[in-house]
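Q: Taken in sequence, the protein lines are chains U and R.
For the first sequence, counting from 1, position 276 maps to 276 in this note's numbering; every step adds exactly one.
For the second sequence, counting from 1, position 239 maps to 239 in this note's numbering; every step adds exactly one.
Honestly, the hints are just simulated from the structure, not real lab data.
Glycine is no exception: its CB is placed at the ideal position from the N, C-alpha and C atoms.
Check each hint, because a few of them may be wrong.
With beta-carbon atoms standing in for the labels, derived distance ranges [unchecked claim]:
#1 Gln130/U with Trp8/R: 45 to 55 Å
#2 Arg72/U with Trp8/R: 57 to 67 Å
#3 Asn207/U with Val113/R: 56 to 66 Å
#4 Gln130/U with Leu251/R: 25 to 35 Å
Partner residues aside, some chain U positions facing chain R, computed with beta carbon under 7 Å [said to hold, decoys possible]:
#5 Leu50
#6 Ile68
#7 Ala70
#8 Glu71
#9 Ile75
#10 Ser81
#11 Phe85
#12 His87
#13 Leu96
Which residues of chain U face chain R? A few of them, derived with a C-beta cut under 10 Å, are [as the list claims (entries may be wrong)]:
#14 Arg45
#15 Ala83
#16 Arg91
#17 Pro105
#18 Leu287
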Amino acid sequence: MLKLSALGKRFGTRWILRDLNLEVQTGECVALLGPSGCGKSTALRLIAGLEQPDEGNIELEGRPLLGIPAERRRIGMVFQSYALFPHLSVRDNLDLGLKVRGMAPADRRERIDAVLNTIQLVNEADRRPQQLSGGQRQRVALGRALLRNPSVYLLDEPMSNLDAQLRDELRPELRRLILQGPQPVLYVTHDQQEAMALANRIAVLRNGRIEQIGTPQELYFKPETEFVAGFVGRPQINWLNQTRDTRVGIRPEHLHPDDNGCRCRVIGREWLGASQLLLLESNAGQLQMLCSADYQPTEHLGVSWSPEDEHHFDPISGQRLNPS
Amino acid sequence: MNRSRSLWITLLLVWSLLPMIWQLITSFTSSDALVSTGIPFEHRWTLAHYRDLLSGDPPFWRYLLNSTVVGGLTTVLTLLLAVPAAYGLARMSPTRRSTIRITVGAAALFPYVLLFLALLELAREFQLGNSLLAIALPYAGLALPLALLLLISAFEGLPNDLDDAARLEGLGLLDRLRLVLMPLITPAIASTGILIFLFAWNEYPIALTWLSRDDLLTLPVAMARIAGSSIYAVPYGAYAAATVLGSLPLLALVLLCQRQIVAGLTNGAVKG
Chain U
1 MLKLSALGKR
11 FGTRWILRDL
21 NLEVQTGECV
31 ALLGPSGCGK
41 STALRLIAGL
51 EQPDEGNIEL
61 EGRPLLGIPA
71 ERRRIGMVFQ
81 SYALFPHLSV
91 RDNLDLGLKV
101 RGMAPADRRE
111 RIDAVLNTIQ
121 LVNEADRRPQ
131 QLSGGQRQRV
141 ALGRALLRNP
151 SVYLLDEPMS
161 NLDAQLRDEL
171 RPELRRLILQ
181 GPQPVLYVTH
191 DQQEAMALAN
201 RIAVLRNGRI
211 EQIGTPQELY
221 FKPETEFVAG
231 FVGRPQINWL
241 NQTRDTRVGI
251 RPEHLHPDDN
261 GCRCRVIGRE
271 WLGASQLLLL
281 ESNAGQLQML
291 CSADYQPTEH
301 LGVSWSPEDE
311 HHFDPISGQR
321 LNPS
Chain R
1 MNRSRSLWIT
11 LLLVWSLLPM
21 IWQLITSFTS
31 SDALVSTGIP
41 FEHRWTLAHY
51 RDLLSGDPPF
61 WRYLLNSTVV
71 GGLTTVLTLL
81 LAVPAAYGLA
91 RMSPTRRSTI
101 RITVGAAALF
111 PYVLLFLALL
121 ELAREFQLGN
131 SLLAIALPYA
141 GLALPLALLL
151 LISAFEGLPN
161 DLDDAARLEG
171 LGLLDRLRLV
181 LMPLITPAIA
191 STGILIFLFA
201 WNEYPIALTW
211 LSRDDLLTLP
221 VAMARIAGSS
231 IYAVPYGAYA
241 AATVLGSLPL
251 LALVLLCQRQ
261 IVAGLTNGAV
271 KG
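If we strip away everything but chain R, and leave its shape as in the complex, we get:
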């Protein structure tokens, strides 16, 4: 039993990790070794891809920084809007709540790619192009429905008596949220925040159209540029190195919040 289980786990790990390991190896392999055999061992391994990336113009860490700024801003903005809204919605009458939940769910399912032309018009009209701060606005708007759905469920899991008791203790709305309700749904807030960050980190079409200045690109756009920089060669090595660098911050984030994420994902399944 135990043995076959660990076998399955190993297989699953190999299945999901192999592409990443492949990328990791590729990123350290010299361009020659990637396309031909018979390269002597001491010439196979290189840090050149990373060196090129980091000494480029602008250097690659610039894109990492841009994406971090956009992701962080989107996360903060979305949570600032979604937490109070979800609290309000969770305390509405059940019929109204389910109507709103369906509406928000429909919005969350809407394929947002269909919006990007309209969004581009808006960006042009309001001069929002080429600004990392401005691009967080459509991102927050797009992330809001999912964040709302997750947080409404989290607030619904809290007994109303707690909120009432805090009120009678003399806590106003903000104090109640800050001191009683939010600490109790920290796991849900953390996992929601990470999902929002992930969305902003990966978003491509809007970033592609809203940002054109080289030093303002976010990771997905910058990486696409690397991949398409020449029609004669596919820069596998550089691309793999960019992938590795682009994944590291996320890896760190997930490891940091691991406990909260697990608690948040199993929220509702197990009653604390």
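If we strip away everything but chain U, and leave its shape as in the complex, we get:
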């Protein structure tokens, strides 16, 4: 189990991470989700020991990690840039850490062969990283982390350098290789879909603080703050024009055509295949709606939604107001 308590880091006088409390259980994958600059990568670097926190504690399996140098922490980290050693072949990339640890050559060979098999790069073992595709490089980086037999995995935006199709291909791979293991996994991403797809729980970060921790379902159905409601869910939530002293949000997928509903005019649309995303203009402001019926721009229609799908927030504090 990985436990972060009141973790904080500042550069100069600016806190980039403050009061971070988080527990990642054995076998659990927690995603740190947030826009760039929210401090999520810094959190990983603190756990890895590449930077030192200004306050708080990190514990791994009940033992404090602070004070142990990064090279002795047994952390399996995957970098966004993969950080493969460009002057070494795939095999030597995997071998370097084992060699330094003083493992016998025969054992090393055996373990590397096993990992090469797992990441399906047996035939590429003698190539340099430059000769591999993006997806293959990513698999080498995963293999390197696997080989370390770490007590925790830290994945720093491992797929953001890959195109959409490769990402879809690598997701099951990631599940098979890393997420199914017993180690706690901390997964940093700015892509909410990725977080939803892979993580057991998601911690949404904003300006160095956690806005909400919960399962993907909790974040989607019961966002604690206005920020979470806006950040989680695609297409983005609609904010209705303020009528009372509440911010009211309603998700595009919860709107449906209703002749007795709010009058709207179609001002644009995006064809998504199974459905279309309509951009509507109404008294309540601009609305996005997912629907399967075919509406043309400038057409008029009525739209309604059920009140329990509304999300209410305090406009000043941003906190949720719905009775739970």
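Knowing the structure of chain U, use the given hints to seat chain R on it.
A: Same frame as chain U, but now just chain R:
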């Protein structure tokens, strides 16, 4: 296009190589033929200058050896200091790094000839005169700023992630430098090393004042002695032969490291 380019290249080659060819020819020309015309062809060419140089006391190869020892020692010493220092500096915060870079740059621009009297005092005080090992100390000190500047840029070109990844692989500082970072900047290290060697090979004022024993002179001083050995005659032939012999080791070195030098000089211009 191709034609005019090769013409330009030929002109450039002639422009830069002609003095050397002139020296080469001179070094094989007999002293008589150098100062008068009408010498019959079979008496024009001679190996006498080389023979004299190599059979002198001490023989000329002794100076070559001295310079090689001093140059090699200076290079090793400077790189030993500069590589770790440059690594440390390259990983500092950008503001501190630029302050240090300016300071080091100023030191590199300082005309070191102004230092040689003070250095001479130091040599006298600490008994460092007439020692090939000791003269590598001021040389390393003088070569350090430039080496630092070159190597800091080289380390800056490496992504920090590589260093971090190596750390997480369990590599300590020395292993990281040896197994990951230095192999990646070999071209920069090689070209820096050659610049240092060149500086030590050519250095004159400090060598002139620190070394006085005949068998310890470095090339520039020894050659100056040949040139000034008599006020009545200028020994063109001997001088040219010494120049040729003194350039050969450098030529060999540059040819040997050609690929690294080119890669090092274009470093940063082209992203690998």
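Q: State for each hint whether it applies.
A: Going down the list of hints, with the structure as the test:
1. Gln130/U with Trp8/R: 45 to 55 Å: Violated - the Cβ-Cβ distance for glutamine 130/U and tryptophan 8/R, about 35 Å, lies outside 45 to 55 Å.
2. Arg72/U with Trp8/R: 57 to 67 Å: Holds, since arginine 72/U and tryptophan 8/R (Cβ atoms, about 59 Å apart) stay within the stated range.
3. Asn207/U with Val113/R: 56 to 66 Å: Check passed, 57 Å falls within 56 to 66 Å.
4. Gln130/U with Leu251/R: 25 to 35 Å: holds (34 Å)
5. Leu50: holds (5 Å)
6. Ile68: violated (12 Å)
7. Ala70: Status holds, d = 5 Å.
8. Glu71: holds (5 Å)
9. Ile75: This interface hint holds because 6 Å falls under the 7 Å limit.
10. Ser81: holds (5 Å)
11. Phe85: Holds, because the Cβ-Cβ distance from phenylalanine 85/U to chain R comes to roughly 6 Å (cut-off 7 Å).
12. His87: Holds: closest Cβ of chain R sits about 5 Å from histidine 87/U, inside 7 Å.
13. Leu96: holds (6 Å)
14. Arg45: holds (8 Å)
15. Ala83: Interface hint status for alanine 83/U: holds (4 Å vs cutoff 10 Å).
16. Arg91: violated (14 Å)
17. Pro105: Hint violated; proline 105/U Cβ to chain R Cβ min 16 Å, cut 10 Å.
18. Leu287: violated (43 Å)
Hint compliance for this structure: hints 1, 6, 16, 17, 18 are broken, all remaining hints hold.
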